[in-house]
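2 protein chains.
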Amino acid sequence: MKKWLLHTFLACWACHFASAEPYAIVVHGGAGADPAQMEPEEIEGVKARIQSVLQQGLSDLKAGRSALRVVEEAVRSLEDDPWFNAGQGAALNSEGEAELDAAIMDGSNLRCGAVADVRRTRNPISLARWVMEKTPHVLLVGPGADRFAQQSGLEMVEPEYFITERARRALRKKQGTVGCVALDIRGHLAAATSTGGLTNKRPGRVGDSPIIGAGTFADDRSCAVSCTGVGEEFIRHQVAGQISQRIRLTHVTLPESVRQTFADGLPDDVGGVIAVNRKGEWVMHFNTPGMSRGAADSAGHFEVAIGK
Amino acid sequence: MKKWLLHTFLACWACHFASAEPYAIVVHGGAGADPAQMEPEEIEGVKARIQSVLQQGLSDLKAGRSALRVVEEAVRSLEDDPWFNAGQGAALNSEGEAELDAAIMDGSNLRCGAVADVRRTRNPISLARWVMEKTPHVLLVGPGADRFAQQSGLEMVEPEYFITERARRALRKKQGTVGCVALDIRGHLAAATSTGGLTNKRPGRVGDSPIIGAGTFADDRSCAVSCTGVGEEFIRHQVAGQISQRIRLTHVTLPESVRQTFADGLPDDVGGVIAVNRKGEWVMHFNTPGMSRGAADSAGHFEVAIGK
Chain X
1 MKKWLLHTFL
11 ACWACHFASA
21 EPYAIVVHGG
31 AGADPAQMEP
41 EEIEGVKARI
51 QSVLQQGLSD
61 LKAGRSALRV
71 VEEAVRSLED
81 DPWFNAGQGA
91 ALNSEGEAEL
101 DAAIMDGSNL
111 RCGAVADVRR
121 TRNPISLARW
131 VMEKTPHVLL
141 VGPGADRFAQ
151 QSGLEMVEPE
161 YFITERARRA
171 LRKKQGTVGC
181 VALDIRGHLA
191 AATSTGGLTN
201 KRPGRVGDSP
211 IIGAGTFADD
221 RSCAVSCTGV
231 GEEFIRHQVA
241 GQISQRIRLT
251 HVTLPESVRQ
261 TFADGLPDDV
271 GGVIAVNRKG
281 EWVMHFNTPG
291 MSRGAADSAG
301 HFEVAIGK
Chain C
1 MKKWLLHTFL
11 ACWACHFASA
21 EPYAIVVHGG
31 AGADPAQMEP
41 EEIEGVKARI
51 QSVLQQGLSD
61 LKAGRSALRV
71 VEEAVRSLED
81 DPWFNAGQGA
91 ALNSEGEAEL
101 DAAIMDGSNL
111 RCGAVADVRR
121 TRNPISLARW
131 VMEKTPHVLL
141 VGPGADRFAQ
151 QSGLEMVEPE
161 YFITERARRA
171 LRKKQGTVGC
181 VALDIRGHLA
191 AATSTGGLTN
201 KRPGRVGDSP
211 IIGAGTFADD
221 RSCAVSCTGV
231 GEEFIRHQVA
241 GQISQRIRLT
251 HVTLPESVRQ
261 TFADGLPDDV
271 GGVIAVNRKG
281 EWVMHFNTPG
291 MSRGAADSAG
301 HFEVAIGK
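Same order as they appear, the protein sequences are chains X and C.
The opening residue of the first sequence carries number 1 in my numbering; numbering runs sequentially from there.
The opening residue of the second sequence carries number 1 in my numbering; numbering runs sequentially from there.
Just so you know, the hints here were simulated from the structure itself, not pulled from any lab data.
Some, not all, of what chain X presents toward chain C, calculated at C-beta under 10 Å: (1) Glu99; (2) Met105; (3) Pro203; (4) Ser244.
Model, not experiment: these values are computed from the prediction.
Glycine residues also receive a C-beta, built at the ideal position from the N, C-alpha and C atoms.
Pulled out of the complex, with its shape left as it was, chain X reads as follows (with noise of 0.2 Å):
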């Protein structure tokens, strides 16, 4: 056989076994909204954007797209849009200001970046990934962060950017954070999670969203995971990392190592995750009202939905 027929046979038949892999997409716009209590345009307003982030990422996924790509694109459109406690739209500190938080993992290398208390850089979860690509660390803060943005590149934003006038009437506790799990057709798995943080927290302070193991997490050996909740609780707990654990120590499945981690001391009312795994399983779970929050596969499940 000539190498060449040799070379197109073979790409041929990879990508007829890729296209039979399976894949999945699972995003989160935030625990802790109530439905009953959040107004018509809102629930519209979010879910649409849910579906439309989903509809994208089943494409890209689709088309061999890495997951490590479709997780920080769904994750940036999210940050884009002024409905969520990410990039613009974020909750303000105490003193009026949006301080952003992200991080990214890639989980068949375990490689990571996130960055913390980011006030000028249009999307912390590219932040975040420039920070794992080019740089020999994991986690950037403050204005040295947000310089490293500028000196890459990024597009940088003026600080009333991320203030709507929504969030400075702080209508309600927005606990939006934003986030994406998602599985690729060759077997990898990635997660990035981004937020504004606390409606009126003191400045400087940082939740689990860019803490590696707490409220995100990847790892092609268990799952990937991404968090949305109070985030002290899950720095405390490590849930992302402790979800991971339980499967890789004891072998659980991913639904059961999600209830073990949440029946293993968090408080009730506490937040939720999602998950998926290298099977295209995945979790959406929480004990809250509420979780904005939706899923897609090449199984052909797609579903949407905000409260139980």
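Since the structure of chain X is provided, determine the placement of chain C on it from the hints.
Positioned in the frame of chain X, the structure of chain C alone reads:
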């Protein structure tokens, strides 16, 4: 029996009972330094300070002080000592500034506090404890953390206070993060870690020390851990949390859990850990040429070492 007599009897009995309970303290002054490349003056200085911290801690534990208080005091002493890369004498970032990180955790209730990118608080470990005790938060970073220290009445210093001639010359790559874990006579565990981070780091870079579950963790149900080394790897592999989880989930011994965690993908020459459990068993493990360290316990063990 008269009431005061009963009280006295009970107190004495408690005292007698308590003194039979094991207690232990383990300290590190950083992994990475090769004793073969240290000046004799430095070796003596480091060992003498660790010895004195152990003696003080042991005596405090014997007197019934809490593990939490003992680890805070031990780390404060090391922060105030310019030999170590924490507090005064910290490594400087690429702009010649000291940026300090610290975390503390109480194993009896999983409460924890941490600070990162602090520049004006003399003792970051005490600020971490203050975050734990006085706020609903776990992690404060940057100017917001320093401002909180000032509002709380903690001792503030000029940024120059931290900078020693030795750190400025950066005679060697300082990796002398400091940490302490302890078991008190009530059976409670605590862990504390403090660092200036990597020499010449990018401003805003945060390593594993202030990340609960990465460089610092304590849980009465498993062990207390403090890490030192290449922070990014300790975050990625959630070293402190993983050591705890392996004990809780698979019931291995503390030394075996440390061994398995290091064998589970951690690179060579990456750093070390100290750990203690409720039985008073302790571990000092590292895969670097040396780790400044010491351990002392109620069974009469007392050792201080740097090399293998």
